[in-house]
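Protein chains: 2
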Amino acid sequence: MFMQNLPTKVRINEVATRDGFQSEAIFIPTDKKIEIINRLSLLGLNKIEVTSFVSPKAIPNLRDAEEVMNSITRNPNVTYVTLVPNEKGAERALATNADEINLVMSVSESHNLSNIRMTCDQSLAQFKRICTLMEGSNTRINASLATSFGCPFEGLIAPERVIDVIKQYLDIGIQSISIADTTGMASPRQVYELCDQVRNIFPTLDVTLHLHNTRGMGLTNALAGLSAGITQLDASLGGIGGCPFAPGATGNICTEDLVHMLESIDLDTGVDLPTLLDMARELPELLTHDISGQVAKAGLRTETRPLSQSVIDLKARNEKH
Amino acid sequence: MFMQNLPTKVRINEVATRDGFQSEAIFIPTDKKIEIINRLSLLGLNKIEVTSFVSPKAIPNLRDAEEVMNSITRNPNVTYVTLVPNEKGAERALATNADEINLVMSVSESHNLSNIRMTCDQSLAQFKRICTLMEGSNTRINASLATSFGCPFEGLIAPERVIDVIKQYLDIGIQSISIADTTGMASPRQVYELCDQVRNIFPTLDVTLHLHNTRGMGLTNALAGLSAGITQLDASLGGIGGCPFAPGATGNICTEDLVHMLESIDLDTGVDLPTLLDMARELPELLTHDISGQVAKAGLRTETRPLSQSVIDLKARNEKH
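Taken in order, these protein sequences are the chains called A and H. Reminder that position 43 of the first sequence reads as 43 in full-length UniProt numbering, one-by-one numbering, no gaps. Reminder that position 106 of the second sequence reads as 106 in full-length UniProt numbering, one-by-one numbering, no gaps.
Chain A with its partners taken away, still in its complex shape:
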């Protein structure tokens, strides 16, 4: 049967202010970022990936990472995450008392070299140094496995490679992982099968699924992952970010579309969908471009509109006969 092993509760992690804002052409004002994170903090989200401690030269839009982290009003029920590309970033994350850092390596050697100019061995050695550096702090360490399903240079990725990297992560002290479909190449079957394997091999591991909607399969893949026992999904308000290939192409799966779909099949996300929709509808003006999220345009599936007067008259006329 379809969807028979779904969890009853799904945790949603919001990545728009990091994965979304980092690729925006115009600078999002710092006070606007803070306002957005503060509003997101009240909506029942599990984690918020606030910003990235990268070089301001590499990603100018996140040059205010410290100010944002130090100015937001934290909700104790939310885990505030920052992306960290190196030891310097880890030190900055510690200094701002991030609840969690997120490290990223591509399981594809070619993509890792292209993306961060390091071999996987070099990335892992760096992760190990960062784990040592973080020892004794209250900051948790999550690590992402980019290109877990496919690499734009190497093609589809074998599940065995992902399992190997997870083992390497656990060996050096990583506490939780994110399996990422970085360029939207995953099929629902791949997602189900890899997630199922991961759940079987690492039954107690805290796993997030990070999906992109590049080829329209994002929400289907989310459902495939949930059917395989995943209970935590990354998503981005409005569907912004995630390196779209072309104008109009989409990146990250869209938070409000995901929550809307999960609610439609009676899965509990604990997320305040109406307010999320309000926030998504403000994005086109802020970013000066359209967003890929669809529920923000079409409205909730349960929303009805009134009949026109001419139809009401027609109905009355027919009822008389």
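Derived from the structure by calculation, the hints contain no laboratory data. These numbers were taken from a predicted model, which means no experiment stands behind them. Hints may be right or wrong, so weigh each one.
The list treats identical chains as interchangeable, and a pair is accepted whether it falls inside one copy or across any two copies.
Derived pair list, reagent style EDC-like, types lysine to aspartate or glutamate, alpha-carbon separation capped at 16 Å [what the hints assert, rightly or not]:
hint	residue 1	residue 2
1	32	64
2	9	206
3	9	272
4	57	268
5	315	121
6	9	31
7	320	121
8	315	154
9	128	91
10	167	282
11	88	24
12	128	196
13	167	24
14	167	268
Guided by the hints, dock chain H onto chain A, whose structure is given.
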């Protein structure tokens, strides 16, 4: 388990030249329509909904319905369908020797009144007259159940209502049906449950599922329908048509995105995806607007691109050490 009862073969019906073109602002030249249908005819599609025999005043873009039907080169493996709104339309369809006509009624009384100014009883009486009129011809009769999952005026629709209408259709001699999510309100659970019921109650009935991607759930709903035993899906090249709510909102599920997803899980559609993609990529110029289809933008998930020279050098340098 996820996707455990999927069929091995899925038939795809193309509706772009009717459901897509009917709502385009600019007139698609007749010879262009004929060329597109002739090319689509060679791609392994099951049916092509060519045009609609409506009043040219109501839908100016389809005012060339006869010329298109009489000029296309028919492939005997394809069923050429025309939409028919009334007896006059049925006569026109017969005169052009359509393989099949498609009748449409909304299962929601309010939507039927709004859309075609008739009560459901009036629509059924008309269908009956059309069935009588078609007797003895070689033209098959399909009837669609619009708003089978939800109505924008009445809200979500109970499956019992759909089952009742199917019975009414069969009583008057309809040969096959299409269950339509006209405004994209269906959830994957609704689709699974209704399709499962329909398969159980009418096991030999030829059923098509006609889905819209209005709220991003179109492909997920397709998979839900297939899991419940449906083997035939409508879709539209480029995802055009289907009354989008707003610019950028999507209507019909996109043929190439659907075929791409089904191939990704090893389902056989028999459809030539590369040529379909070529055709989809020509649509923005023809229609003078972007399309919602995503694979046409992002490329096949199995397509790889070459590494940049700097990464090749970096790789070589690392291998030396």
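Which of the listed hints are broken here?
As far as the earlier hints go, 4, 6, 10, 11, 12, 13, 14 are violated by this structure, in ascending order.
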